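For the protein sequence lines, the chains are H and C, in the order given. If you use the working numbering, the first sequence corresponds to residues 45 to 360, in order. If you use the working numbering, the second sequence corresponds to residues 251 to 499, in order.
If you're looking for bench data, these hints aren't it; they were derived computationally from the structure.
Derived CB-CB ranges, DEER-like: (1) H:E254 to C:D456: 31 to 39 Å; (2) C:L361 to H:R285: 32 to 40 Å; (3) H:M159 to C:G428: 44 to 52 Å; (4) H:K151 to C:E342: 24 to 32 Å; (5) H:V178 to C:A369: 45 to 53 Å; (6) H:V178 to C:L361: 35 to 43 Å; (7) C:D313 to H:E254: 20 to 28 Å; (8) H:R244 to C:G279: 25 to 33 Å; (9) H:M159 to C:G289: 36 to 44 Å; (10) H:Y156 to C:A369: 34 to 42 Å; (11) H:T198 to C:R392: 49 to 57 Å; (12) H:R153 to C:G428: 31 to 39 Å; (13) H:N280 to C:R392: 49 to 57 Å; (14) H:A147 to C:E488: 51 to 59 Å.
One-sided and incomplete, this derived list gives chain H residues near chain C with beta-carbon spacing under 7 Å: (15) L227; (16) S230; (17) P231; (18) F232; (19) E241; (20) R244; (21) R245; (22) F248; (23) G250; (24) P252.
Pulled a few chain C residues facing chain H out of the computed Cβ check, cut under 10 Å: (25) E322; (26) N348; (27) R350; (28) S362; (29) E406; (30) L413.
This structure is a prediction, so every number in the text was calculated from the model and none was measured. All residues carry an ideal CB built from backbone N, CA and C; glycine is no exception.
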Amino acid sequence: MSALRQQVPNAVVWLVLLTMPYWMGAVGGYTELASRVVVLGLAAMALNFLLGFTGVLSFGHAAYFGLGAYGVGMTIKYLVPSTPLGILVGAAVGTLAAMVIGALIVKLRGVYFAMVTIAFGQVFFFIAFRWNEVTGGDDGLTGWKRQALDLGFTRVDILGSDKAFYYLVLAVFAACVAAMALLLRSPFGRTLIAIRENERRARFLGIPVEQHIWLSFVISCFFVSIAGTLYALLSNFTDPRALRWDQSGNFVIMAVLGGMRSFWGPLIGAAIFVVLQDYVSSQTENWMSVIGVFFMLVVLFFPRGVLGILRRRLAS
Amino acid sequence: MSLLQVRDVSKHFGKLVAVDGVSLTVEPGELRAVIGPNGAGKTTFFNLVSGFFPPTRGSIVFDGRDITSLSEHRRVRLGMARTFQVTEIFPELTVRENLRVPVEVAAGRRLSPWLTKAADAGIRARVGELMEMGGIADKADRLVGELSHGDQRATEIMMSLALNPRLLLLDEPTAGMGDQETYNITRLIRRLHRDQKQSIVLIEHDMRVIFHLADRIMVLAEGAVLAEGTPDEIAADERVQAAYLGKAA
Ligand SMILES: Nc1ncnc2c1ncn2[C@@H]1O[C@H](COP(=O)(O)OP(=O)(O)O)[C@@H](O)[C@H]1O
Ligand SMILES: [Mg+2]
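Kindly produce the complete structure, drawing on both the sequences and the hints.
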C-alpha cells in the first residue's frame, strides 16, 4: 500500500513527460519549450545530486554543461557528423574536466567550494569567448546541425521533427534519471546522504569523505554535461553564455525553487523557470527580476521548495 | 600484544598544553576508564587516538602498527570506532538509516552502486540485531533527531559497534542522562565488555559508573597522568582524592 503511494508521483511525472508534446500546444506552449524543460530539468537534477543529496553547493556547473554543449557542436562540425557520438564526446569532455577540477577543490567546503567552482567556470567561459577561430567566440558556435539518428533498421529524423527530437531527449533523460535514482538508493548513495547530514560522523564511520564528494561531483558533472549536449542540439547552436556563471546560478535557482530535498523537485523548478522565462520575456525585457522576486518569495516562505509545499499538503 | 599503545603524546593549542606527555596501554578485552576534572584533556586525548588531529609529540601504535599519521577513516578501517561527548548522529534520518550506513561500510560496500537481494537481506538483519541490542528496535522508523537524549546516545553507540570495532572509544556516554537512561547505557557497556570481550576505552564523569565497570582507570589532570591503577587503587589514592574526588564530592 505505501509502496503504491510512493509510485504515484513517479507515475504522474512520467505520464506528463510522455504526453507533453501532445498538449503543450493546447496550453499555449510548443514542443521546443517542452524539450527545454526536460533538458534543463536534467541539468538541475544533476546539480541536485551534489547539492541536495551530498550537501555540496557548486556554483560552476555551467562549465560542464557548456563543455558538453561545445563538445557535441564541435564534434559534429569538425569531426564526425553523428549525434550519438557528439553526445558521447561532449559528456566525456565535461566529465574529464570535472575529474581534474574536482580533485583540486574537494577539500574546500561551503562558500569556499562554491566560489572556487565559479572561478574555474569563468576560465572555461573566457576560453570559449576568446578562442574565436574554433569556438566562434561571442557569436557562438554555428554552422552545424544535429544529425538524423541511424538505428540500423530505421532512420529517425530528429532534425526535421521537433517531436522526434523531444523523445530522444526524453529517452536520454530517462536513462540518466534512472541511473541517479539507482545510485541514490545504493550503499554509495547512502554515504552521500550521510555526508550531507553530518560530515564528522561520516568520517568517523570510516567513509573517506573527500573521495566520496569527488565521486559525487564527477557523477553530477557527467549528467550535467549530457544535459549540455542536449541543450546545444536543441538549438543547433551554443555560445559562451551556456557556460557563464549566471547559467550556473540558474541551475541552483531551479533546484532550490522546486525543492532540493526531493528527487523530482529540480525538474519542477526547471519547468517553472523555463515557462516563466518564456512567458515573462515576451512581456518585458526584465524577466530576470521577475524570476528573482519569485525565487525570493519561495525561499522565504517555502524553504523546502514547491514540492515541499505539495508534500506537506498531501501529508496533512 | 597490546591492542593500543599510546606513547608519550602531547597536544599544544598555541600556548595551552591540553595533553602533556600521556602514555596508555590497552590490552585486548580490557575496559579502561579515563577520568579527570573538566578541561583535563580527556576529549583531546581521544581526538589524538582517533585521528581527529595529529599530536604535537609522541606516537600511537594500534595492533602493532604505527598509526600516528593515519587519517581517521583509515583508523576506523583498522578497527577503531568512537562516539563523541556531544552526540554525532544523522538527526534527519531514521534509526534504521543511521545504522545502515556503518553496517554497509563494515561490509565493504561503501562504494557499491547496488546490492543483491541476499546482500541486502544480510544488511537488514544486522541492522535489526544492532537495534535489538541497543534497545532501540521499537523506534526503528523514527527520526533520530526526535528521540530522547538517551536513545540518541544508544544509537550513536550502536553505530560505532556496527563497524565491528576492535577498540571502542566512548566519550562520556552517560553525560546529561537521567538515572534510568544511565542504567541502561551502563548495562549495555557491561554486556559488551563481559559477554563479547569488547575492548573499550571510556571517558566518564560519573564515578559510580566507573568503579563498577572498569578494569583499570587512568586519571588525568591538567593534561597529565595523575594516577593509574585498578578502581580500588584509584579510590585509595590521596592525590586523586585531593585533585578530583574531593572536588566532585
Ligand atoms: N580544538 C581546540 N582548540 C583549542 N583549545 C582546545 C581545543 N580542544 C580542547 N581545547 C582546550 O584543551 C583543554 C582540554 O579540553 P578537553 O580535552 O575538552 O577536556 P575534557 O574533555 O577533559 O573536559 C581545555 O582547556 C580546552 O579548552
Ligand atoms: Mg571532554
